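Mind docking chain B on chain A? Use the hints.
Residue numbers (this note's numbering), protein chains in the order written: chain A, 1 to 184; chain B, 1 to 219.
Keep in mind that the hints were calculated from the coordinates and are not lab data. Mixed in with the good hints, there may be bad ones.
Lysine-lysine pairs mimicking DSBU-like chemistry, simulated, CA-CA at most 30 Å apart [said to hold, decoys possible]:
1) B:K36 - A:K114
2) A:K64 - B:K217
3) A:K101 - B:K3
4) A:K103 - B:K217
5) A:K113 - B:K217
Computed from a predicted model, the values in this text were never measured in an experiment.
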Amino acid sequence: MAEIEVKGGKKGAPRVDLTPMVDLGFLLITFFMFTTTMSKPKAMQIQMPFKDSTLTKEDQNKVKKDAALTILLSRDHRIYYYQGIGDDPNAPPDVQVTYFKDKDGIRDVLIKKKQTVNDLIQQGTLTATDKPVVMIKPDTNSTTDDLINILDEMTINAIPIYAVVDITDVDREFIAATEKANPQ
Amino acid sequence: MPKIKLPRKSTHIDMTAMCDVAFLLLTFFMLATKFKPEEPVQVRTPASVSTDQIPEGFLLITLDKTGRVFFAMDNLNDRQALIEKVSEDKGLNLTPTQINNYINGSSTGVPFSQLAAYLNATPAEQSDLDKTAPGIPTDTTGDFQTNELAYWIVAARYTNPQIRIAIKADGEAGYPEIHKVIETLGKQNIFRFNFITDMKGVPPGTALAEEQAGGAKAQ
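So here's chain A without its partners, still in its complex pose (with noise of 0.2 Å):
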């Protein structure tokens, strides 16, 4: 028959090994972190109101055009931009490209407007209730990570208005104009 070895000799109380123990007592942790979370998984979002009823043509044409920028986002995350609302057919907009960077990105263009639209405020041709408004029209060569990494900059320069908006003919003409005259 088997023994038992015992440390401690054989006199006293025994003593038992405790390292199987303390091994069987991290493998059940190890278990247990990969296969749980701490958090509830959905920790992070974005709240926002889409396209409210309450923003009608009637609203849109209210924006006054000093304080609007267009953003049109296209494929390859790059980000079309030009200010006002671009609904004038006999003076094209200035279409300009950024893309999503930190520096000399489509922030600083936001941080630019909004001092832009304070000068005007000061200098007097806006009211000081008027806001900087962004109007984000995604094209269908953009993707979700666009989409969100665009209302994340709104909140990130704490624009007050901006909405998202269906992409027109003419906004895809002027990307067309500024991708023929600049071929990268």
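Below, chain B without anything else, positioned relative to chain A:
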């Protein structure tokens, strides 16, 4: 050095303390964590600076990068009412086992025509089926015939009209796909909903960072 005898000490370590620590950690993990909910498809959500937590009991619409739509109700207790209503309205005549399978399963991504067959399968088979499931048909109309997602949402809100809706969309999902989901919600007059996102730190020097610093100081 045969003459000098080095005093030998025992290399015995008393493992009791180590054992205590191990079981303490184990108890912490057992009490403070929940098992990860099964997901039919792996989705990488984009990151955002928002730190809001979504409360219990919401509708989860999952959008994977190919544009397939999956739907689930988070609250297990309400799932029974939902699936029974669906079964009745669509004439599926689901058996109690199928209903049970729905309650205990994860998101479903099959049209109503395949729902009965999907619920008949075991969880292992279901995860296999999820890989090739076509997703719930969605489009930009509010028509229940073509847009089954709209029907699911209406049925789920029947029991609880205030239920919140969360969209878990893969970052690479194209805009037309997410647009379909948003339009579907819009046709049901749902304009407030949430996107589930990963964590991202607030960039320093921005308006939001100053707001948060100001708020912290005010407190």
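Unmet hints by their number, sorted upward, for this structure: Numbers 1, 2, 3, in rising order.
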